[in-house]
Amino acid sequence: MTHPNAWLKIATGAILATSVAFAASGCTTTSASPDNSAKSLTYWSMWTETEPQAAVLKTSLESFEKDTGIKVDVQWQGRKVLEKVTTGLLSGDVPDLVDQAYDKIGPALAATNQAADLSSVLSTKIPGEEEHTVADVIPSKYFDILPSYGGEVKNYMVPYSVSNVSVFYNKANAVAPKAPTTWDELLANCQKAVDAKMGCIAADGDATWANSYWFDYLINRNMGDGAFQKLMEDKTGAAWDDAAVLKSAQQIQELVTKGYIIKGYDASKYPEQQNAWAANKALYFLMGSWAPAETAKYAAEGFDYGAFNFPSTATNASTANDTLLFGFTVPKKAAHQDEAKQFIAYFSNKDRMSGISTDANNLAARPDVEAPKQLADVAAILADNETRLPTDGVSSDVIDKGFNPTFDKLFLGKVSAEEYVKEAKAATIAYWNAKG
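Here the sequence shown stands for residues -23 to -1, 1 to 413, numbered as in mature numbering (1 follows the signal peptide of the UniProt record, and there is no 0).
Quick caveat, the hints were computed from the structure, so don't treat them as lab data. A virtual CB, placed ideally from N, CA and C, is assigned to each residue, including glycine. Take these hints with a grain of salt, some might be off.
[To be verified] Label pairs and their calculated CB-CB ranges:
#1 Asp121 <-> Leu67: 17 to 23 Å
#2 Ala353 <-> Lys391: 34 to 40 Å
#3 Ser331 <-> Lys258: 31 to 37 Å
#4 Pro344 <-> Ala151: 31 to 37 Å
#5 Glu363 <-> Ala407: 30 to 36 Å
#6 Gly127 <-> Leu67: 18 to 24 Å
#7 Lys212 <-> Lys350: 43 to 49 Å
#8 Glu28 <-> Ala357: 25 to 31 Å
#9 Ala270 <-> Ala357: 16 to 22 Å
#10 Lys327 <-> Ala256: 32 to 38 Å
#11 Glu363 <-> Gly390: 29 to 35 Å
#12 Asp161 <-> Gly413: 41 to 47 Å
#13 Ala353 <-> Ala256: 18 to 24 Å
#14 Ala357 <-> Asp377: 28 to 34 Å
Modelling step: build the complete structure from the supplied sequences, incorporating the hints.
Okay, here's the thing in structure tokens:
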């Protein structure tokens, strides 16, 4: 995937599906509820069995079996799990429960009306926390930003993990230890970095999906919430004529021409410069909240992970932050929907979901779950600001074909801001004309 789900990007090598049936592993116990003794649940996961997220889920799946008597068969399919699900829709061979990122679940299941409505889950009391429903503990803003993808069901997903795109930095750096809050402050710190013979912004030339976060945020700050979506979905291309679009492109161009992006980025391959940033060779790195976990082994001695919200470009600019959601969905053709929904509510328990933070070092969808130390700033950003989807949640197809090719030229310094806007407008028009 080229946008924006970086976990799908950083998954490398062939992913082998490993099937683990808890009954076969000796995890099944006699049910305390005879009525459930014949019930079962099939779960296909986006994680591979050796990943920490899988370990967290395994623990809850085992206890779910013990507490409910519902037999669980889990298959650790890996990142391409939805490809198997969509194939299975034709034959009727589908799981009862699946997890993935919102921008994979939406196009694959919600857009085709193959996702069950999970609204009833939101009003379900959480086992072990009967004083709370799922809707009480998972912020409504996460459901509000989910795009429908043209489908009939709005609540097709219940998130259990959240990732946020923030500007990461080393709080212990001597060049600019104070996080900037405005674009001008960021540029001033970039100049300090250059003067200190240090890169300011780390970026890998081939990581268009990550580099485009800069333009996405600038459009948001300069034009407001929803502006990027309007830009990419205007079939006439007229939205590209807005002066704020050119301003955003010029701000990217300034980063390039003044040498604020780390030297050699244009020829580097991800995650080369990401690792260079962790080694204190650049001040800032705009990336999802998986960055600390990905760079920990490359971090310089004493590196103190910090993060700040993308800077403001004007007094009344939006402060919304890019948020990526990962969670559960239930195929509409699933044979055991009730059991699947029951597990979603079960895993929403604070103690169970806490493993996403303590063991997987990621942010849990429940804000009352304490964030990992290295993501404390990110958790604060999520709590203190409005939430949006990267590129306002527009389809990956228009991003891949109508945006990325021209943006690459701007970010790599191959065209001017004016040339970029002209080419990007033409590319957007061409994309929609080809769609008919």
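Against the structure, the hints:
1. Asp121 <-> Leu67: 17 to 23 Å: violated (33 Å)
2. Ala353 <-> Lys391: 34 to 40 Å: holds (39 Å)
3. Ser331 <-> Lys258: 31 to 37 Å: holds (35 Å)
4. Pro344 <-> Ala151: 31 to 37 Å: With a Cβ separation near 33 Å, Pro344 and Ala151 satisfy 31 to 37 Å, so the hint holds.
5. Glu363 <-> Ala407: 30 to 36 Å: 33 Å Cβ-Cβ, so the 30 to 36 Å window holds.
6. Gly127 <-> Leu67: 18 to 24 Å: holds (20 Å)
7. Lys212 <-> Lys350: 43 to 49 Å: holds (47 Å)
8. Glu28 <-> Ala357: 25 to 31 Å: holds (27 Å)
9. Ala270 <-> Ala357: 16 to 22 Å: With Cβ atoms ~18 Å apart, the hint holds.
10. Lys327 <-> Ala256: 32 to 38 Å: Roughly 37 Å apart at Cβ, these two residues keep to the hinted range, so it holds.
11. Glu363 <-> Gly390: 29 to 35 Å: At 33 Å between Cβs, range holds.
12. Asp161 <-> Gly413: 41 to 47 Å: At roughly 44 Å between Cβ atoms, Gly413 and Asp161 fall inside 41 to 47 Å, so the hint holds.
13. Ala353 <-> Ala256: 18 to 24 Å: holds (22 Å)
14. Ala357 <-> Asp377: 28 to 34 Å: Once the Cβ atoms are compared, 33 Å apart, the range 28 to 34 Å for Asp377 and Ala357 holds.
In summary, the one numbered hint that this structure violates is 1.
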